[in-house]
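Take the sequence shown: its position 22, counting from 1, is numbered 22 in the working numbering, and each next residue is one higher.
Misleading hints may appear alongside valid ones.
Stated by the list, open to error - Here are the in silico distance ranges between beta carbons for each label pair:
id, residue 1, residue 2, range
1, Ile27, Ile6, 29 to 35 Å
2, Ser40, Leu7, 29 to 35 Å
3, Lys48, Ile6, 38 to 44 Å
4, His44, Ala9, 16 to 22 Å
Derived by calculation from the structure, the hints in this document are not laboratory data.
Note that beta-carbon positions come from the ideal geometry of N, C-alpha and C, so glycine has one too.
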Amino acid sequence: MEMIMILWATTVFFLLFLLILLLIRAIMHKSVPRTIPRVSSEVHKIKKQIEDL
1 MEMIMILWAT
11 TVFFLLFLLI
21 LLLIRAIMHK
31 SVPRTIPRVS
41 SEVHKIKKQI
51 EDL
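Sequences are here, hints too, so could you generate the full structure?
Have a look at this one:
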């Protein structure tokens, strides 16, 4: 049970880290409107994977 919690926490942390990196890159390139749909679709994909476990 603890293993699943650690795995989940790591996944969430990693996702947040990626999201921040993407946002910084988007702001640098001023292409936020194009980036948001891709990020939300990625998050949706990962949510599905977690639910399938």
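Q | Violated constraints from the hint list, given by number and in increasing order | A | 2, 3
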